[in-house]
Amino acid sequence: MKKVLLVLLAALAMQAPAVHANSLIAAGPTAKIAKSSIASSPDGEWNKLSFSGGPNVEVWTRDGDNLNKVSFFGGVAAGMPIYREANKKKAPLPKVDGAMLLPDIPLLLESTYRARFQVNRMAIDSQDVTTAGGRQAIRFTYSYVRDEDGVERKGEAIGTMVDKKLYLVTYEAPSIYYFGKDLEAYHKIVDSLKF
Amino acid sequence: MMYVRHFVRALLAGVLVLCSAQVVAQEKTGNKPGFSLKPGTVRIVLMRPTIRVGEQSTGGMNEPNADWTAQARENLGTALKDAQGQLGNVVVDYDEGTSSDGSVVGQYENLFGTVADSVIEFQFFPGNRLPTKKRKDTFEWGVGPGIAEISSLKNADYALFINTYDSYGSAGRKALQIFSAMAGVSVTSGVHWGHAGLVDLKTGELVWLNADRQMGGDVRTPEGAIKRVTQLLEGFPGRMAGVPVAVK
Amino acid sequence: MGRLTVAFGAAVAGVLLAGTAPPPPATTPFSTTLPPYVQAYEPTTVDERGLWMEADEQERTLRDSALVMHEDDLNRYVKGVLCKAVGQERCRSVRVYVLEVPQFNASMSPNGTMRVWSGLLLRVQNEAELAAILGHEFAHFELRHGLRAFKQARSSTDVAAWVGLLGAAAGVSPAALQMSVIGGIYRFSRDQEAAADMLSLGYMANSPYPNAAAADVWRYVMGEDDARSISRGLKPKQAYSSGFFDTHPASLARATYLQEEAMRQPHPGDYGAKAYRDAMRPYLARFLAAQVKANDFGGSEYLLQKMSGVEGWTGDLLFARGQLYRSRGNPRDLATASQFFREAITQGYAEPVVYRELGLSLMRNGEQADGRTALQEYLTRSPDASDRGMINALVATK
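Protein chains in written order, with full-length UniProt numbering: chain A, 1 to 195; chain B, 1 to 248; chain C, 1 to 398.
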């Protein structure tokens, strides 16, 4: 029993997210976001979280990811989910398809949220084509509620496919007060985005 | 309001910290720089407290227990009523009245819980602070000025929000605690968190937050609830110095 | 707190307390004479009062939750079925809330709050099935089972539970939802389940509905779970222990037993299939849309197949099926999806969005010209669409 415990506790220590500090993103050119080719030049400070939820994900926040959250998905390859799966067999997530069309991107996000985050109310409110990083991309807005805290949130995102990989940047915050607070700062990130 | 994800994240982080034998401060108060409240000057509305009581399974997940939550709600309600008169300013219970504010006030209550958790996770908790929140005299948190529009809140200057979360260690969890102590590693059994926060109803700013991750007092008993309320309201702004919150 | 539970003889190792023995055969048949109902059920003991207050508090939060469906006609209809199932006298003390959660569930609190999830409404086929489930929940309430909560003892050597913590994060179990939505977690003892089953069979015997409906629903949900498992490469007919079955243990043996019990005193009646379909029709597309976005191909396909047995493949079902195949997106799926969308149109599916979905399927499948034509049709029929900018760009693509 004790031996099993020791093994378990060792496993627990190894698998727990490393508690190294969250780091500061200063204003100005920032490269290799989400360990990918994504680059941007924010015009103000952000905090980069040490915990992101997936190998291709990087999260920036000002007040904490449940209050404002910019997520960068840097080149999710075909056959991969955008977040790490809690259980590949019992709780699988939708996978990127190399031939995805731009309108398939919000659909992938919605299915992922419904499956992964107990989101039962979600709507894609608008979808437009735009240019980001010199490429054709989809810009979409959405609204949703996570059952976890019952807070109504809004989201705005830019997504595109490069070499059959998904690149996506989202901004999410509670509808009350927070979404509006840093929306302009998010737009500045998008304006200087490179994929 | 505590929820699964933060609990698991914080629990895992906490285990690692304990494994490396650091001592982590568990109780913290923050306020807007320069904020103070004179006794007898303002009207405070006490929002309905969010109370969750459950039991930890062996694996550490919380199983809500309605019996215990019910007991806690009753005990904490009584203790809070007693404490309200000791806070130095008029405190009234929130009453929706004939307004149809239920839904929007619910949204603000949910948002407050999220803000408080963010303060705790990203400013109070040393292992996880956001660099921009580490700077001296930084305490900029709030729910936004829209709260001033809510009719059923217009007759007060500040809103007091109280949240407590208790997950009592099960027999299995306690066994794990003993065994792991033998192995030289600490594992917590039982989780007792709480926070109390004061929001300026004109600006939505969070002017005071008191958070504690190792709260005392077994909320399932009347005496424990009094102890809990005392801790929650420790350092409440404007309280006359030397006046205890609870009298029993 | 009442909880929808079918305490079938425990087949679930390590989750339920009971062993693997089948349930005891009833020695007395259920009674068709119902006990007198105590009106205005007020809490009497200290414990009851506390739970009542807690249930009231949760109902307050529930009422303001974003998940509640406030449509009057839907709520009145569901309440109406409950009243036909248990009688007017009993249903007077109940407040029904329909929650927009695409999973199969219903529960009842000690203070008379009944929660029904939209996933349940999508899965039952007629009023009798709905009546059987709501009646079972009400039986727990009438018998005050929620107040004698059965706590499950967990073994301290439950290694699996510890390992489970490592991958915990946010799973898909309903147990992670806020208590005000889920209504609390209780597991009833086998005796309590048997008692609730017997009482609800008694309700059905006094209702316009046939007895047999209950077993049908249980068989369906287990079948759906099997289909989901198979499509995910898991073994079917395992211990039904995750998701819905966390709090609703099931086994085939029990479903059979329930059916046999019902057949001992058969009570024919009107299943109310058409009335049910008519009541759900305004919500069908909405419920189906949430279902097909849940990334559950196996379970959704099983559900759609079952639904098609009622009125055949209607436009709504074909549209949903098309979306299902389009989002799975395996090599042949896109062609299959296009076919389903075309059939939906033939069946009279009138929403412009079907042309959008068809167009996207065709384009993904390499049929650019036909795809653009369909997308153009969508834009023509829906000039104010919130995604017209994006779809326009696709139509213009060379």
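If you're looking for bench data, these hints aren't it; they were derived computationally from the structure. A quick note: this is a predicted structure, and the numbers were derived from the prediction, not measured. Do not rely on the hints blindly, as some may be mistaken.
Stated by the list, open to error - Straight-line distance between alpha carbons at most 25 Å, and here's what the computed SDA-like set of lysine to any residue pairs gives:
1. B:LYS134 <-> A:SER50
2. C:LYS235 <-> A:LYS154
3. A:LYS90 <-> A:LYS154
4. A:LYS154 <-> C:ALA289
5. A:LYS154 <-> C:LYS274
6. C:LYS274 <-> C:ARG76
To be verified - A few chain C residues that don't get close to chain A, going by computed Cβ distances all over 12 Å:
7. ARG49
8. TRP117
9. GLU301
All residues carry an ideal CB built from backbone N, CA and C; glycine is no exception.
query: Taking 25 Å as the top limit, are the C-alpha atoms of LYS90 of chain A and LYS154 of chain A close enough?
result: 29 Å, violated
Notebook entry, point to check: Does the claim that GLU301 of chain C lies off the interface hold, with its Cβ farther than 12 Å from every Cβ of chain A?
Noted result: Given a closest Cβ separation of 15 Å, the condition holds.
Do the alpha carbons of LYS134 of chain B and SER50 of chain A lie within 25 Å of each other, as the hint requires?
-> 16 Å, holds
Between LYS154 of chain A and LYS274 of chain C, is the straight-line Cα distance small enough, at 25 Å or below?
40 Å, violated
- Message: Given the hinted pair LYS274 of chain C and ARG76 of chain C, is their Cα-Cα distance within 25 Å?
- Response: Holds - the C-alpha atoms of ARG76 of chain C and LYS274 of chain C are around 17 Å apart, at most 25 Å.
| Would the pair LYS235 of chain C and LYS154 of chain A pass a check requiring their Cα atoms to be no farther apart than 25 Å? | 39 Å, violated
Are all C-beta atoms of chain A more than 12 Å from that of ARG49 of chain C?
27 Å, holds
Handout entry: TRP117 of chain C non-interfacial with respect to chain A [C-beta, more than 12 Å]
Key = 9 Å, violated
With a cut-off of 25 Å on the C-alpha distance, tell me whether LYS154 of chain A and ALA289 of chain C pass.
20 Å, holds
Hint compliance for this structure: hints 2, 3, 5, 8 are not met, and every other hint is.
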